[in-house]
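Can you build the whole structure from these sequences, using the hints too?
Heads up: the sequence lines are chains A and B, in that order. Under UniProt numbering, think of the first position of the first sequence as 1, with each following residue one higher. Under UniProt numbering, think of the first position of the second sequence as 1, with each following residue one higher.
There's no promise every hint is true.
[Said to hold, decoys possible] Derived pair list, reagent style SDA-like, types lysine to any residue, alpha-carbon separation capped at 20 angstroms:
| hint | chain 1 | residue 1 | chain 2 | residue 2 |
| --- | --- | --- | --- | --- |
| 1 | A | LYS40 | A | PRO16 |
| 2 | B | LYS19 | A | VAL7 |
| 3 | A | LYS53 | B | GLY29 |
Hints were generated in silico from the structure; no laboratory data involved.
Number of protein chains: 2
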Amino acid sequence: MKARVTVTLKNGILDPQGKAIEGALKSLGVDGIASVRQGKVFDIELAGADAAKAEAALKDAADKLLANTVIENYRVEVLG
Amino acid sequence: MKARVTVTLKNGILDPQGKAIEGALKSLGVDGIASVRQGKVFDIELAGADAAKAEAALKDAADKLLANTVIENYRVEVLG
Numbered sequence: 001m002k003a004r005v006t007v008t009l010k011n012g013i014l015d016p017q018g019k020a021i022e023g024a025l026k027s028l029g030v031d032g033i034a035s036v037r038q039g040k041v042f043d044i045e046l047a048g049a050d051a052a053k054a055e056a057a058l059k060d061a062a063d064k065l066l067a068n069t070v071i072e073n074y075r076v077e078v079l080g
Numbered sequence: 001m002k003a004r005v006t007v008t009l010k011n012g013i014l015d016p017q018g019k020a021i022e023g024a025l026k027s028l029g030v031d032g033i034a035s036v037r038q039g040k041v042f043d044i045e046l047a048g049a050d051a052a053k054a055e056a057a058l059k060d061a062a063d064k065l066l067a068n069t070v071i072e073n074y075r076v077e078v079l080g
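Next comes the structure, spelled out in structure tokens:
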């Protein structure tokens with residue numbers, strides 16, 4: 001079973017990495033970019049075919065390791 | 001205009017970060033995870049409302065900076 005966990009910064013949390021990318025894009029001549037915020041994406045394969053069980057395992061993984069839930073949100077998508 | 005650029009490793013490219021996460025999840029007692037591959041996601045705001053122009057700017061940004069196109073694929077989604 002394939003799944004994707006997307007981790008992004010919560011609103012209001014400063015993203016210095018994103019700011020650096022904005023600046024770099026401007027100096028590379030890429031126009032029209034107002035703001036950039038960087039996050040992480042995890043493409044995960046799970047054993048078994050139980051979507052509910054997979055979703056629970058992925059939430060567990062995100063809470064324990066993949067996301068810092070103090071400053072980050074995460075979204076779990078079980079793709080089947 | 002909001003858009004998202006998702007950058008992931010090409011198939012066949014070894015992902016040591018993903019391997020490390022797999023091991024850590026096992027030791028944290030998260031079961032059923034067969035494999036993990038980590039990527040990047042960029043949430044980008046663009047000035048203007050021309051979707052085609054936005055898409056072109058995002059491809060330019062990905063080719064020049066956001067992705068290493070030798071080992072990474074990227075996907076541009078203009079969300080409107």
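Evaluated hints:
1. This hinted pair checks out: LYS40 (chain A) and PRO16 (chain A) have alpha carbons roughly 15 angstroms apart, not beyond 20 angstroms.
2. For the hint linking LYS19 (chain B) to VAL7 (chain A), the alpha-carbon distance of about 18 angstroms falls within 20 angstroms, and the restraint holds.
3. About 14 angstroms separates the Cα atoms of LYS53 (chain A) and GLY29 (chain B), which keeps this hinted pair within 20 angstroms; it holds.
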